[in-house]
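Asker: So the chains spell out like this:
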Amino acid sequence: MTAPTWPLWEVFVRARRGLSHVHVGSLHAPDAQMALRNARDLYTRRQEGVSLWVVASDDITASSPEERDSFFDPAADKVYRHPTFYEVPEDVEYL
Amino acid sequence: MYGNDFGHSDDAPLNAAETEDYASVLEEHMAYFDRLVQDDQRIEPRDAMPDAYRQTLIRQIAQHAHSEIIGMQPEGNWITRAPSLRRKAILMAKVQDEAGHGLYLYSAAETLGVDRSELLDKLHSGRQKYSSIFNYPTLTWADVGAIGWLVDGAAIMNQVPLCRCSYGPYARAMIRVCKEESFHQRQGFELLWTLSQGTDAQRAMLQDAADRWWWPALMMFGPPDSGEKAKEGHTAQSMAWGIKRFTNDDLRQRFVDMTVPQAIKLGITLPDPDLRWNEERGHWDFGEIDWDEFWRVLKGDGPCNAQRIATRVTAHEEGAWVREAAAAYADKQAARSAEGAVA
Amino acid sequence: MSTSADATHLDAAVAAPRHTPETDATTLHVRYLLSLGDDALVYAQRLGEWLTHAPQIEEDMALGNVGLDLLGQARSLLTRAGEVEGGGRDEDALAMLRDEREFRNVQLVEQPRGDFAVEMARMLWFASYQCELWSQLTSSADETLAGIAGKAVKEAVYHRDHATQWVLRLGDGTEVSRERMQAGLEAVHPYVAELGEDHEAARWAAEQGVGVLPSSLTDAVNAHVSAVLEQATLTMPDAPRWHARGGREGVHSEAMGYLLAEMQHIARSHPGATW
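Protein chains in written order, with the working numbering: chain A, 463 to 557; chain B, -18 to 324; chain C, 60 to 334.
Just so you know, these hints were derived from the structure itself, not from any lab.
Treat the hints with care, as some may be off.
As the list claims (entries may be wrong) - What follows is a set of in silico ranges between Cβ atoms, one per label pair, in the way DEER data are often shown: (1) L481/A - S318/B: 29 to 35 Å; (2) Q19/B - V512/A: 36 to 42 Å; (3) Q178/B - E142/C: 23 to 29 Å; (4) G480/A - S98/B: 35 to 41 Å; (5) D273/B - P330/C: 39 to 45 Å; (6) D192/B - H324/C: 21 to 27 Å.
What the hints assert, rightly or not - Over 10 Å on every C-beta distance to chain C, these chain B residues come out as not near it, computed from the model: (7) L172; (8) D255; (9) E299.
Values in this document were obtained by computation on a predicted structure and should not be read as measured data.
We treat Cβ as the ideally placed atom computed from N, Cα and C, and that holds for glycine.
Work the whole structure out from these sequences, hints included.
Answerer: Here you go:
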């Protein structure tokens, strides 16, 4: 067997209850179980998290930078999606 | 170079504009890339970027990561001998942090399309460098303190500006590293401070360590790159790309200005007869650095070059059967669960 | 010390140690704490040697974490031993200034670092033992010890899991790794039984509700390790012809002297110095 390279895993940490998991970096591990343990040892040494996800990097599908115009620019003119777009009389509460 | 970049042995041209594919990439993507850099926005992994930018980053981040990994050795050398259990715990945590920092940085480098194993191969075969400071030996317990105080102090000086580096993953890794490293320099100074308040033998140990580590620490910032020297090396290009924010000379001067008062507090002398406060400049003047020694050690003529790499290579080779076993197990498990799914 | 008149007639070299009942209890209590603390300290010392030598950098991190956990346990336990002893010795006086015969750890933890398989075999046994030990000691009559146990049991569970994961992978990995893992198990086997041997201080501690009889933990420890080995396609080694004994009474193997020389030499070279 030629020396195999362990696959790359992306690590996501929930810093505390109420927050989403946030991407913090990657690591190498032979499988998901070890990836989770390595993530614990590498990314939560200082109580940085209460929950971890690991995802094989190969399994992530990402939008490509070439598509950024078609993906994201069309959202730029849809200001009506934001509450500040709407004018209401000043004395109306709870809106 | 612990956050600095020079002394690479690749044949890549120093000046990015000398390569042809740079010119073609330039045509297609440079406008967008330039605008991001100019606006102090971050470049992210899947963005198009000039190949020379990518190569410079890979080389610099890899050297930085290698420095963290090799840097575990001189301090790791003292874990089993730390004179108190508190110091032993601090030192273990610190050496372990360095492994962690190496991993954060390899992770950042891998976003540029290289694999960690390629980078490690280059380290093991001498094709990529690590900070030359780690080619010096740690001979006494005080050296552990001197590394924290001077070496980590110099490293932090280099690293803090890198938190604003134009390449997102590198900047984010550096923010993490800097946050964690804030204890490294402090523990070093505290260790030395304790020695300074101790017995004659402890004070002698402290002075001896400062004598041996002062000049190598100043060399960590890299060769002169301001004034006339600005045209050499690639400081100018790195600054234009927002990878580097200050010149080597700038950072070195700041380090001297910060450190000399601390040395006075420790009651030690620094081994430089030309060291004196310059009222006019508002800075400490310091003597000529022996750049011959720097280049000699960088090229292999240092007390520990061979030993550091040999230790690293041995660990890697002796671990090969373990890595193979884990990969084989993962394959078997995957096959088993596939079988289970079919059945 | 006894104040009886006839004591002065006895040759100090042949006299059995004579203590008042209270001193006896204190001494045994201290010895019990030291047996726990020295296990953790000496194993942390050996794990500290792994940093920069692990098979993958991620594993440097993991072994460092295990070592730091054990060092933390050792510091709390030695500090507590010093308090109970009441002679003003702190964790460092106990770690750095005791002679070999005063260390009460089992010989398993002092054995020189072997390959990664030997280390995982040692960690699997030791952490399995510590898991059972600490979960029992959370209800110790010594409240400080109970508090230490409450924290340590979580650590031991993680250490046992780490070793378990690796024994599975090495046992059921490649041919080479299976052989090496089996050899690792054989190498540590003569040192396993000592973990479950009852000794004077443990018997006293168990009677007082301070501690637990090591022999009472053995079945659970064996059950865990056996289950792991079976899953890993490995074989439990046969009972060894010789097995280590005496660590709890301060009788160690040759490796111990070197370990202490390295650990203690700076502290001992500078008597009275602060670090």
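Asker: Which earlier hints turn out false for this structure, listed by number in ascending order?
Answerer: The structure conflicts with hints 7 and 9, although it agrees with all the remaining ones.
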